[in-house]
Structures are given as C-alpha cells and as structure tokens.
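A.B. asks: Starting from the structure of chain A, add chain B where the hints point.
Number of protein chains: 2
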Amino acid sequence: MDTSVKTREAAQTIDALITPSLLLDRGRLERNIQRLAEHARKLGVVLRPHMKTAKSIDVTRYVFPGEPGPITVSTIAEAEYFAGHGFRDMTYAVGMSPASVVRAMELCRRTGADVKLLLDSVEQADALAGVREDTGVTPSVFIELDCDDHRGGLKPDDPKLLEVANRVVAAGANLVGVLAHAGESYGLSTADALVKAAENERSATVRAAETLRAHGHACPIVSLGSTPTAHFAENLEGVTELRAGVYMFFDLVQHGVGVCGLDDIAISVLATVIGSKPEKGWVLVDAGWMALSRDRGTANQQIDQGYGVVCDEKGRVLEDVIVAQASQEHGILAIRAGSGKSMPDLPLGARVRILPNHACAMAAQHHFYAVVNGDSPRIEARWERIRGW
Amino acid sequence: MDTSVKTREAAQTIDALITPSLLLDRGRLERNIQRLAEHARKLGVVLRPHMKTAKSIDVTRYVFPGEPGPITVSTIAEAEYFAGHGFRDMTYAVGMSPASVVRAMELCRRTGADVKLLLDSVEQADALAGVREDTGVTPSVFIELDCDDHRGGLKPDDPKLLEVANRVVAAGANLVGVLAHAGESYGLSTADALVKAAENERSATVRAAETLRAHGHACPIVSLGSTPTAHFAENLEGVTELRAGVYMFFDLVQHGVGVCGLDDIAISVLATVIGSKPEKGWVLVDAGWMALSRDRGTANQQIDQGYGVVCDEKGRVLEDVIVAQASQEHGILAIRAGSGKSMPDLPLGARVRILPNHACAMAAQHHFYAVVNGDSPRIEARWERIRGW
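These protein sequence lines map, in sequence, to chains A and B. Start counting the first sequence at 1; every next residue gets the next number (my numbering). Start counting the second sequence at 1; every next residue gets the next number (my numbering).
Excised from the complex, chain A in its bound form:
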C-alpha cells in the first residue's frame, strides 16, 4: 500500500486526488453537447439547455462558447448564479410559488434578466397582478402542459388552458408560450417507443399553442423536451425550442433507455479500494451513497446497475463489476449476479471510476468537478458547482 499521496490542493493528476472525487471527462462533454446542438439545428429549433445537471458556469461555457444563450434552471439560486455570469434569458421550469415569483422578479429588476415562470392554475395567474404592482416588473409566464401524466401541467385539451391564458393577460403579465416535459420517456427503452413519445410531446404542445392562438394569444414560444425525446425527435414542426439537461453528461439510466453508450458518460466518481471480502466476492471502496447518491434509477430497467458501473482508473469498463451495495461512505463492488464472471484483481489502494445511475444526482453530491480527458491522469481544471435554493 503506497502512502505517498498528496493532498487535494496539490493534485495535478488524479493519482494525487483525494477520494471520493467527481471526475468530468471534457472530451465526452464536448461530444455530447455537440451531438444535441447539431440535432436541434437540423430540426430547426432553438436549444435551451437545462442547467440543473451541471450547475456550473464552466460547463455552460462549452455550451455557449460565445455569448450566453437561453437556458433553463431548476432553482432561483441557479437563476441568480447564471444572471451573475451574464445570462439574461432563463426559464425557471418549476411551478411558481409565492417566494419564487418575488425572488425571480427582484432578480429581473436588478439585472435586466428575463426569468420566465411556469404556472398551470388560475390562482397562480391571478397572483401575477400583485407581483407586477409590488416589483415593477412584468412577469413572463409559460403555461405548463401535461403531455404524459408525468407530473404537473394542464392537458392540451383542458378548457382551463384558455381560462388560465386569459387570466394571465388580465393580470397584466406576458404570456410567452406553452411548455411541456415528457418525463415518462425515462421509462422507455426502444427507439420506436421514444420516437412515439417525442411525437406525442410535440403534437400535444403544438395543439395547445394552436388553441391559444385561435383565441388571440400570440404564444410565440412552443417549448418541450426531455433528454430521451430530444434525441429521438424526428420532426419538431410547430415547436420553437428544445430543452434537455442530462444530455451533457449522460448516465446509466439514459444508457438503459437507449440514448447513449457507456463510453458517452462524462462523469464518474474516483474511488479507492479500502478492503475486500474474497469469500463473498466483495471489494470495498471509499465511495458510498454520499459520493454516488442514493439514486437507483436502473433498478427497474432491463439491466440493474446497482449503485453504478465500475471502470478501472483509466475509465475502461470492468465488465459486469457493479457497486452492489452502498452505505454512507462505503461501496461494495461485486460481480453482477448471474454473469458467471469473477472479480478482477483490485488490491488495497487501487483506484476505480464509478459511472452514475443518474448524473444529476451524483453531481449534486459534490462541490467541484476535477476535469480530465480520456484516459490521461492529468487534471486540466477544477470547476466549482453551486447548490441550494
């Protein structure tokens, strides 16, 4: 067991990095960003990436090498952070609450940003009049649609759609459009089903926009997206913008859905072997759920990846080795049940990289990315992440 390890501050290579640590492969990140940008271009829509996965201005700079573009955020804290870095056109893609509206409007007043809000009820629409009065800012709002029974939003054919739109206008707010998220697409696993889910998301959203336009609402933005449907959409006629977030990093859930290969997954947790139980086929590492997250998103997929797929220190997948169990700071590596393989040699002090079930959840457990490229041990940069609300 070699104990000549430097502290994190001095780390120039991953060999000297404290474990567990979050790695981000820059080459894979760039390739993933490029892939969806090209697809959006071909389909003739604006891409409005969701920053809830990366939560890092440094990642955003790879998405927008020039001027800051339109983004989606999942918290007002993200909106405040990205506004501080020059972003102006943002959609807060969570239904508005009393507190979030006030903070969003204060941010708009302070920075000149346009933070677009989501609502799906007349109560929320009616509250906008007071907001305008109190803050001096005219809120921009989307009506949230429900295209697949996933979560919130109005069905495209719900008569309340028009009522809510009228109340938004009556409150003096700016109705910018309709917005849907095909969240149920995460549960699919064939190209056919994904193409259909994408078309369902499109047709539902466009139908709602047409209803509003037929009643005098301009509805300039028709926004939809989820990482699976964004990649499988073949036609986005009538749609103006596409949203996706996890596509920058990808993960094992997206791999199980069929959107990416294992070699596209851009983040992993670097861990160190701290013990073994040869009689059980276990190798213990110092990455538990605190580093990997408790996400078990692959549990209901065709291949259950446990708490993550294990790669060697250079990022090469160790076939059928997964994190079988996780406690707070311990992970137990084992061979996937039924695979018939045996554990590779992973002595004390050896390093592994663990791919995430869910990139958003794994990344959220860390406060920075150690940026690497391919199998090189060199750390190119350290990128901070934000958290909180």
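Derived from the structure by calculation, the hints contain no laboratory data. It is possible that some hints are incorrect.
Which copy is meant is left open, because identical chains are indistinguishable; a pair holds if it fits in one copy or across any two.
Stated by the list, open to error - Simulated pairs of lysine-lysine, BS3-like, Cα-Cα distance not exceeding 30 Å:
#1 Lys341 to Lys280
#2 Lys155 to Lys196
#3 Lys341 to Lys42
#4 Lys42 to Lys277
#5 Lys277 to Lys155
#6 Lys280 to Lys42
C.D. replies: Frame of chain A, contents of chain B only:
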C-alpha cells in the same frame, strides 16, 4: 396566493423562509441526545457519537455542553473540521486508504489530535510502519470486526485477527482496540430481534478482545454500536464504548425498526405547495429528491413511507399523506395506497414539513439547519453543515 414573502436572509420565522429548507427541532434534538446519553450511563459505557449525521459543530455543542468529548467521524474532512473546533479524540470509522492515513496523521501532527484509524488486513497493518516514518506520528488503530456479515471487518474467530494485531504492533503503531458495527440491525423490526442483535454485537466484540488479550495485546477499547442496537442493548459487559449517529435526529427508517416515534424525528424539510392534480389526488410541492434525498430506506419495511411522511406547517403529521413520487425539484404528495383516506386541503402556497426516510441522507442535501422548536414558527438560529471529503 400571498406573495409577500421575504428572502432567506431576512427570515425570522419559517413563514419567511425560502423553500425547500431543512428544519431542525431543537427540543426533539435535546430529548434524543439525552435519551441515549442516559442509556449509555446506565450501561456503564462511554458514548462516542458519530458526527456523520449532523456534521455541525452547533449540534455537537448539545452533545457536549462542556469540553469536547470523544467522537466518531466518517470523513477526514469531518476530522479536520472538528479538530478546528477543539476536538482531539476522534475515530475515523472507515477503513484506512493511503490518502486518508496521510491526511489523518498530518492532522494529528498539526493539532495534537488523536485520530484513530480502522483496518482489517495485514497489508494495511504493514503500511503503518512507513506512515510513522513519513509523518513522525504513531498511528492509533482499531481492528475492524464483522459481527453480522454487514460490510468489512474480520470475524471474531478469524485467525487473521491475531496476525493483524501482531503486524500492527510490529509496524510500531498503537493498537487501541477492536470495533464493530451491527449494520444489519437496520433490517430488523421487533424488540426481541434487536435485543438479540445487540447481544450478538457485544459478545462477538468482547470475544475478539479476549482473544487479543490472551495473546498479550492490551486492547483497551472495545467499541461497538449502531443506532438500533445502541438503544436496545440491555447489557454491555466487557464493552467500553458505544457509537451511534442518527439517534440525534432519528428518521422514518428508525421508526420502522421500532427505535423511535414519529414525534421524535427532529429534522424535516419545509416545502411549499406549487400545484395540484385533484383528479389524481396529487398535490405538488417544491421539494423533490434534491431536498429530500433519493433514499428509499422504508421501501422494504412493513410501512413504505415513499419519499417521506408529510406534516402540516406546525409539524403535526397529516395521517397517511406521504411523498409518493419525487423528481429533482418536485415532490408529489398523495394518500398512502389502500388507506381509504382522502387528501386534506392543501392550497397553493401552503407549507408542509416532510419527515426523512434517512436523516443522514436528507441532511446531506442542505448546507444549513433552520433551528426551530416545536410548533413555533420562530427561527432560533441558523447552523451551518459541512460536506465533502
């Protein structure tokens, strides 16, 4: 919908708090701390609380109102943080890796702290000689025991136990004792089974200590503990210290095991209603897995609590209302399947408190506690938490 909400900085009451926010009920915290302290006193053992749950110096001050006492930590970052606040006697309860040893010994040299390490192999024992040479500090080490096939550690009757002990001494390190953790007790649910698990943990640990003593090792510390066995132990003869962490806060998993009541659970997430789907019996709140964690520890218990039990704004349990689904920033509240009840009225903007499946995991998603007491809305203090490794 009332939009007169202040920002987090100005919050004096939870009504003005940004949601989601982590609440900590001081009265419950004090009661839980008192309960196990008294039990340890009766059993005649030292209590060495695990700080992996609270990760906050302010919480620690309720455990040790006077001088800092002995604690357990799950990361070297915790050891560094608590050393900075005057703690000296610490056990790092994760198997040592090359990097963790070096950082721990550097901390000892710098501050005079005694950070005790864990090992269960001759390879780790042999590495200690070099550590002593490199850092000038004599490492204090425990041999980790495996009393219930939970994770790492040597079986008490494993011949390697003596070999490892001898190699520790040969490396010039200080063998301070043996340590076990009855992690499998989390899977139990009857008092009988818990009493038996506690006695098994005790007898296994004491047996190992006696073996070592019979061969000339002093083995002064006999350490064991898990929150369930710590509370159900009836006799700790031969044991010198007890460890537990989640007992300060408790959670739904511990409630399911039978260690605490719902009214003992000291932390919760305050959330705001942002929508509803009456036709589905859903109420949407702005706390998803980012605020609650992805932990589903009650999924395999007799009562599956979803992503958490829902209380009203004052902390009174709303019977059979749970967080049925969670996405990143959305929680879906619904009635527990089969309960026959109907959803209480939770209008837009209403606040609820959500109890955790797993306190360690929920707390880790937040960077501070808003400290409250009982059903009062007043915020008494804001306590920071640490994170990272």
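A.B. asks: Next step is simple, just say for each hint if it's right about the structure.
C.D. replies: Results of checking the hints against the structure:
For a Cα distance limit of 30 Å, the shortest separation of Lys341 from Lys280 inside one copy, 14 Å, qualifies, whereas the shortest one across copies, 46 Å, does not. In this assembly of identical chains, Lys155 and Lys196 lie within 30 Å of each other by CA distance solely inside one copy; the values are 18 Å within and 55 Å between copies. Taking the shortest alpha-carbon separations for Lys341 and Lys42, neither the intra-copy value of 44 Å nor the inter-copy value of 51 Å comes in at or below 30 Å. Neither within a single protomer nor between protomers do Lys42 and Lys277 lie at most 30 Å apart by alpha-carbon distance, with minima of 53 Å and 36 Å respectively.
When the C-alpha separation of Lys277 and Lys155 is checked against a cutoff of 30 Å, the pair qualifies only between copies, where the shortest distance is 11 Å, while the shortest distance within a copy is 54 Å. Proximity of Lys280 to Lys42 under the C-alpha cut-off of 30 Å is found in neither arrangement, the shortest distances being 52 Å within a copy and 38 Å between copies.
Hint violations for this structure: numbers 3, 4 and 6, all remaining hints satisfied.
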